[in-house]
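Please put together the full structure from these sequences, using the hints given.
One letter stands for each residue in the lines below.
Number of protein chains: 2
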Amino acid sequence: MSTRPHREQIRREGIRALQAAALSLVERHGFAAVTVDDIAAEAGVSRRTFFNYFPTKAAALFDPDPDDAERLAQLLADADGAPELWPALRRVCTAFVTGHENVIAVRRRLIEQHPELDQYHRTAHHHVEIALHEWTARQPGADPYVAALAANTAATTLTTSFAAWQPDQDPATLVDLVDRAFALISTGFTRHSDALH
Amino acid sequence: MSTRPHREQIRREGIRALQAAALSLVERHGFAAVTVDDIAAEAGVSRRTFFNYFPTKAAALFDPDPDDAERLAQLLADADGAPELWPALRRVCTAFVTGHENVIAVRRRLIEQHPELDQYHRTAHHHVEIALHEWTARQPGADPYVAALAANTAATTLTTSFAAWQPDQDPATLVDLVDRAFALISTGFTRHSDALH
DNA sequence: TACTCTGATTGCACTGAGTGCAAATAGGCA
DNA sequence: TGCCTATTTGCACTCAGTGCAATCAGAGTA
Chain G
1 MSTRPHREQI RREGIRALQA AALSLVERHG FAAVTVDDIA AEAGVSRRTF
51 FNYFPTKAAA LFDPDPDDAE RLAQLLADAD GAPELWPALR RVCTAFVTGH
101 ENVIAVRRRL IEQHPELDQY HRTAHHHVEI ALHEWTARQP GADPYVAALA
151 ANTAATTLTT SFAAWQPDQD PATLVDLVDR AFALISTGFT RHSDALH
Chain U
1001 MSTRPHREQI RREGIRALQA AALSLVERHG FAAVTVDDIA AEAGVSRRTF
1051 FNYFPTKAAA LFDPDPDDAE RLAQLLADAD GAPELWPALR RVCTAFVTGH
1101 ENVIAVRRRL IEQHPELDQY HRTAHHHVEI ALHEWTARQP GADPYVAALA
1151 ANTAATTLTT SFAAWQPDQD PATLVDLVDR AFALISTGFT RHSDALH
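Residue numbers (my numbering), protein chains in the order written: chain G, 1 to 197; chain U, 1001 to 1197.
It is worth saying that the hints were derived from the structure and are not from the lab. One should not assume that every hint holds.
[To be verified] Label-pair restraints from in silico Cβ distances:
| hint | chain 1 | residue 1 | chain 2 | residue 2 | range |
| --- | --- | --- | --- | --- | --- |
| 1 | U | Gly1044 | G | Thr56 | 25 to 35 Å |
| 2 | U | Ala1033 | G | Asp67 | 32 to 42 Å |
| 3 | U | Asp1170 | G | Arg107 | 35 to 45 Å |
| 4 | U | Gly1044 | G | Ile10 | 46 to 56 Å |
| 5 | G | Ala137 | U | Arg1107 | 22 to 32 Å |
[Stated by the list, open to error] Here chain G is said to cover these stretches of chain U; the calculated rule only asks that three of the stretch's residues, wherever they fall, bring their Cβ under 8 Å from a Cβ of chain G:
| hint | region |
| --- | --- |
| 6 | 1120-1128 |
| 7 | 1145-1153 |
| 8 | 1156-1164 |
| 9 | 1175-1183 |
C-beta atoms are modelled at their ideal positions from N, C-alpha and C, and glycine is treated no differently.
Pasting the structure below:
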C-alpha cells in the first residue's frame, strides 16, 4: 500500500504495464509458453517486482481492474436499500457491463484462443461474486441463504453471458444477454419465457 | 487407460488410497504444509505415480469420484426427454445429493478448516457443471443460451447449498437446501417466495 | 548541495509442483 | 520357464512462488 497519492499513481502504471505485457505475450504464445520472467522483462521490471504486484501469473491477466472494482462497489452502494434483491441485482449487473464490452471482448478472445485460461477466468470472477454477496447479505431483512443464492445466481448470469457472447457477430448485445438471463430467472425458466426468444 | 477389467480395479484402489492419504494429511496439517511426496509416501507409492493418477495435488482432494460421475451421468440419461428443463434439473440435482451427505460433509469440513481450499473446490465443481450443460444442450428444442444458463444456474444451486449447509447443526437437510434453491429460482426470487421461510 | 529517512525494487537462494524420458519391474499368458 | 506389455519408478529439468537482505530512488530538511 502507498501512503502518498503520487505513489499510488506510479503503482497503477506499473500494474498496467505488466498487464499489457502479459496480455500481449500470452496472446501470441499461449499461457504455458510465457514465463513470469518474460512478462517482467517485457514490462522492463524485475521478476521479483512482478510478484510484488501480482500474487500469481494468471492474476496479471485476470485480476480485476481497480477502477472496475470501485465502479462495482459504487453501483452496489447506490443500490443499497432497494426493496427487492433480484431486480436490484439486475440493474447493478446490467449497468456494470454497459460500456465495457471492449474489455470483456479482449478476455473473451483470449480464452477462445487459449482454452486453458478458462479456469483462471472462473476464479477471477470470484471477486464479483464476493462483492455481490456482501451487498445482498447486508440488505436489511434478507435471509442469509436467499442472499447467498441471489448473489451467486447473479454472478452466474454474468459468466454465462460472457461465455455465450459472440462479439464478432454482434458486438452490441452483451448487456442484452445479461438482461435476458435475469429475465429468464425472474420467470423461473418456464416454457413461456423460453418462447420469448 | 486399462484394457483388462482387473487393471481397472487396481487402478481405482490406487486412486482411493491416494485420496484417503491426501484427505487425512491435509486435514491434519493443511493444504500448503502437505507435499505430494508426503501423500505418495503415505499411500505407499512413488511421487511419480501420484502424478500418473492425478494431474495436480488438489485433484486428489476434489476430483470427482468415478462412481459419482457415473451416477450423475445415469441420472441425466434417465431424465432425457423431460418436457421442462428446470424441473428435470431439480429432480436430477436433488437425487444426486440424496444419500451422499456424508461425502459432502467431509469436504465441507475440510474447507471450513482450511479456507484456502475453496478455490480448488470451485474448479472441481466444473465437472458437474459440464455434465449438466451437456445434458441441457442435447435436449431437443432447447435454446443454446437457455440451456447454458439453466445448467450453470443449477450448478450454482449446488455450490450455494454446499456452502450454506451446516451439517453439525442439522445433518439431514442438504437435499432440502438444494430443493429450496430450485424453488426460489422457480419463483424468480419474489418477495413472496422469500417469505416462505 | 549534502544528508536522511522511507518505501519500493532487486538479487539470491530455496521449496515444491508438474513433466518428459528411459530404465526397471510386475504380472498375464503361451 | 520365458516373452510381452502396461505400469511404476528414478532422475533431471523448468518454472511458480516466497523470504530475506541489500540496494536504490526520491521527497523532505537543514
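For each hint, the structure was consulted:
1. Taking 25 to 35 Å as the suggested C-beta distance range, the pair Gly1044(U) and Thr56(G) conforms, at roughly 33 Å.
2. As the Cβ distance of Ala1033(U) to Asp67(G) is approximately 37 Å, the hint placing it in 32 to 42 Å holds.
3. Taking the beta carbon of each, Asp1170(U) and Arg107(G) are about 41 Å apart, inside 35 to 45 Å as hinted.
4. Under the hint 46 to 56 Å, the C-beta atoms of Gly1044(U) and Ile10(G), about 54 Å apart, fit the expected range.
5. Judged by the Cβ atoms, the range 22 to 32 Å given for Ala137(G) and Arg1107(U) holds: they are separated by roughly 23 Å.
6. Given as covered by chain G, the region 1120-1128 of chain U passes the check, having 3 residues with a CB less than 8 Å from a CB of that chain where 3 are the minimum.
7. Counting residues of the region 1145-1153 of chain U whose beta carbon lies closer than 8 Å to any beta carbon of chain G gives 7, which meets the minimum of three for the stated coverage.
8. For the region 1156-1164 of chain U, the stated coverage by chain G holds: 6 residues have a C-beta nearer than 8 Å to a C-beta of that chain, and at least 3 were required.
9. Counting residues of the region 1175-1183 of chain U whose C-beta lies closer than 8 Å to any C-beta of chain G gives 3; at least three are required, and the coverage claim holds.
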